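Those sequence lines, one after another, are chains A and B. Residue 86 in numbering that gives the first Met the number 0 sits at position 87 of the first sequence, and the numbers go up by one each step. Residue 176 in numbering that gives the first Met the number 0 sits at position 177 of the second sequence, and the numbers go up by one each step.
Just so you know, the hints here were simulated from the structure itself, not pulled from any lab data. These figures come from a predicted structure and were not determined experimentally. Yeah, the Cβ is synthetic: ideal placement off N, Cα and C, and Gly gets one too. Certain hints may be false.
Have a look at the derived ranges for each label pair, beta carbon to beta carbon [what the hints assert, rightly or not]: (1) B:Leu9 - A:Leu5: 25 to 35 Å; (2) A:Leu93 - B:Asp64: 24 to 34 Å; (3) B:Pro31 - A:Leu12: 50 to 60 Å.
The chain contents come next:
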Amino acid sequence: MTSSLLYALAGTLLCGIGLFGMLWLSHLLRKLLAFNIMGSGVFLVLVGLPQNQGGPDPVPQALVLTGIVVAIAATALAVVLIRRYYHLSGLTTLDEEPAFREGGPE
Amino acid sequence: MIRVVRLLILAVACLALTAALAASIWAIAGNPSPVNLPQLLSENLDRSGVEHPVTAVLLNFRSYDTLLEIGVLVIAGIAGISMAKTASLEDPELRTSDALLYALQRWFIPLMLVLAGYLLWAGADRPGGAFQAGAVLAATGVLMRLGGVPMEFLRPGLLLRLGLALGFMVFLLVAVASAIGGDAFLAYPPGMAKILIVVIESVLTLSIAMVLLALFVSAPVNDAEDPEEGSPS
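So here's chain A without its partners, still in its complex pose:
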């Protein structure tokens, strides 16, 4: 059990937290944040797991660097889309009826 392996396991935990947030929260911005947490977990696994076996590995690090920039651009695009959706419908969730509190429509 090295510290790099701990990073990878923390990454899986972040993935789980992000997935739960994605499925449970209904506000679109919260969903987006949860999605980003999931992505950070994947990056942590990608960097931490190879580091466990023989030092830092530049190949996954380069892939994660690419991934971070794509994640920023995708998040910004998602915010633009959410704002457009709010502008057009006045809703912040994907539910049919307006729900101002988080949680399902029940």
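Assemble chain B onto chain A, guided by the hints.
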């Protein structure tokens, strides 16, 4: 009651997924990998044209990923701009009237531009490169936008289109040129790797900064008759 059951099911499912992921990572960590990528990389680093392994991977050994990545960025930027209301691009209400920001801006903007240039150049032999430089450049643009510095090039027009697409175009041109020359797609001609990487990184920096800045600028959609952000519609 239904909500509690749903919450429980969701929590159990997410916990199960986390446990499965952790178990597979534990199993992978136990086995040594069959190929030693870092060693393979350090043996071939001389042929890449740069001294820093991450830059070598990004712009030489796995440049296909970087080409696709800048393609994705350009598509995201175009989609973001097409969603926005272009009238709000020069909205004076978006500017802050903070005196401290105005005062600091004069110091920060030149410094940040120099820092972006340094990061771009440093990518050859130490941590740095097009992505970091592009992010700093985009942050400079955000600061300038908040401070109300006029940026005519962000208006929809030839300059904006050119700035968005320049990185992708130059990268693709190099890739196709080497393919037409009889070599593999994206294989740099020997001896020209360094200069080509520097050129590609410079235009990539510009395009990444333009995409991020365009997405930031295109985010506000405000209209006088629209409800406020916080108020229920």
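How the hints compare with the structure:
1. Under the hint 25 to 35 Å, the C-beta atoms of B:Leu9 and A:Leu5, about 26 Å apart, fit the expected range.
2. Hint check: A:Leu93 to B:Asp64, Cβ distance near 32 Å, so the stated range 24 to 34 Å holds.
3. Distance hint for B:Pro31 and A:Leu12: a CB-CB separation of about 25 Å, inconsistent with the stated range 50 to 60 Å.
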